[in-house]
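Asker: Spelled out, the chains give:
There are 2 protein chains.
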Amino acid sequence: MAVMTRWLDADEQRTWRAFLTATRALMETLDRELQRDAGMPHAYYEILVRLSEAPDRQLRMSDLAQVTGSSRSRLSHAAARLEEAGWLRRQECPTDRRGQLAILTDAGFAALAAAAPGHVEGVRRHLFDPLSPAQVDQLRRISETLADHLADDRTAS
Amino acid sequence: MAVMTRWLDADEQRTWRAFLTATRALMETLDRELQRDAGMPHAYYEILVRLSEAPDRQLRMSDLAQVTGSSRSRLSHAAARLEEAGWLRRQECPTDRRGQLAILTDAGFAALAAAAPGHVEGVRRHLFDPLSPAQVDQLRRISETLADHLADDRTAS
DNA sequence: TCGAGTTGGTTGAACGCTCAACAAAATCGG
DNA sequence: CCGATTTTGTTGAGCGTTCAACCAACTCGA
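Taken in sequence, the protein lines are chains A and B.
Under the UniProt record's numbering, read the first sequence as residues 1 to 157, first letter to last.
Under the UniProt record's numbering, read the second sequence as residues 1 to 157, first letter to last.
Any given hint could be a false lead.
To be verified - Quick list of the computed label-pair ranges, beta carbon to beta carbon:
no., chain 1, residue 1, chain 2, residue 2, range
1, B, R141, A, G118, 33 to 39 Å
2, B, T145, A, Q66, 28 to 34 Å
3, B, A107, A, R6, 35 to 41 Å
4, A, M4, B, S71, 33 to 39 Å
5, A, A10, B, D31, 35 to 41 Å
6, B, D137, A, Q66, 47 to 53 Å
7, A, D63, B, E53, 30 to 36 Å
8, A, R141, B, G86, 19 to 25 Å
Hints in this document: simulated from the structure, not taken from any laboratory.
Just so we're clear, the structure is a prediction, and the values are computed from it rather than from any experiment.
C-beta: ideal position from N, C-alpha, C; glycine also.
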């Protein structure tokens, strides 16, 4: 038997649309700022950040895809671009002959160091500053709940 | 004098990364579901929704761009695609010879009607169901605050 | 009324992402 | 040990978005 759709009520509609508007505007603004000031999209910035935090500034491609939340295909394309820019190089993995290590170059680290202050300032200005400390805390809990739930969906499939 | 960067502290980092992970996963999941089940990306779904709610199911291109939060260029390209699909048609505006009216076709309305239940179910499952009623309320306030703030930034430039 | 500036909309190139297909190496089960 | 399966990573085509450039029509002030 067909299941009746549980439509969104007026409050839920309002929440959903505000959420869409806010997240889209936020990410587009940060992306644009980063592109303008540092010549890289936000996704590439995140790759550089994760590499910069890793031991020896290097990670397996798969692990890097994992932590940046991207597909292997996406990361592969991105790595090719970042390699062209001289910000990253790839090297065969000694312990697994299928593997590739993504390694942040000095130029890549420098590009990240140049981009970071402006980007962090943007995150503050557009996300943290407008919210009260209590709201920041709420946002963290909400985000962690959603992220956990979505991760479960992935592993369950 | 150079201004010192106000870096994110550990809590802020955690919040920011959880937020990134959650919103990215949420939007990608919904986009994928919509693409799989209805053959359209989420952005196009939103265009159809807004048109379906407008008087006579039609809107000026500019107004449609406004409410869907997209650039005029983006909407122009999207409208071309939607027109190919037979879900939308464009017609000259009687009151402004520069203008174009975007009009939802019957086929477009039908496609929307077919896509909506599955999509709403996805929004429920991935967003509303995992959150408590209090959190949904918090998320609404947070989103509205951020959206207002970001809209101010736009108009101020 | 006429010129300058603004608004509405489109276009094409460049770019990033998705998806499916693929190849090579590792792992697992019998 | 060997065949089947899984994991790792890349590739190319197709699509959606951005950005800058552009034209046409509207508006407004002198």
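Asker: Hint by hint, say whether it matches the structure.
Answerer: Status of each hint after checking the structure:
| no. | hint | result |
| --- | --- | --- |
| 1 | B:R141 <-> A:G118: 33 to 39 Å | violated (28 Å) |
| 2 | B:T145 <-> A:Q66: 28 to 34 Å | holds (32 Å) |
| 3 | B:A107 <-> A:R6: 35 to 41 Å | violated (26 Å) |
| 4 | A:M4 <-> B:S71: 33 to 39 Å | holds (38 Å) |
| 5 | A:A10 <-> B:D31: 35 to 41 Å | violated (25 Å) |
| 6 | B:D137 <-> A:Q66: 47 to 53 Å | violated (33 Å) |
| 7 | A:D63 <-> B:E53: 30 to 36 Å | violated (45 Å) |
| 8 | A:R141 <-> B:G86: 19 to 25 Å | violated (45 Å) |
Hints 1, 3, 5, 6, 7, 8 from the list above are not met by this structure, while the remaining hints are.
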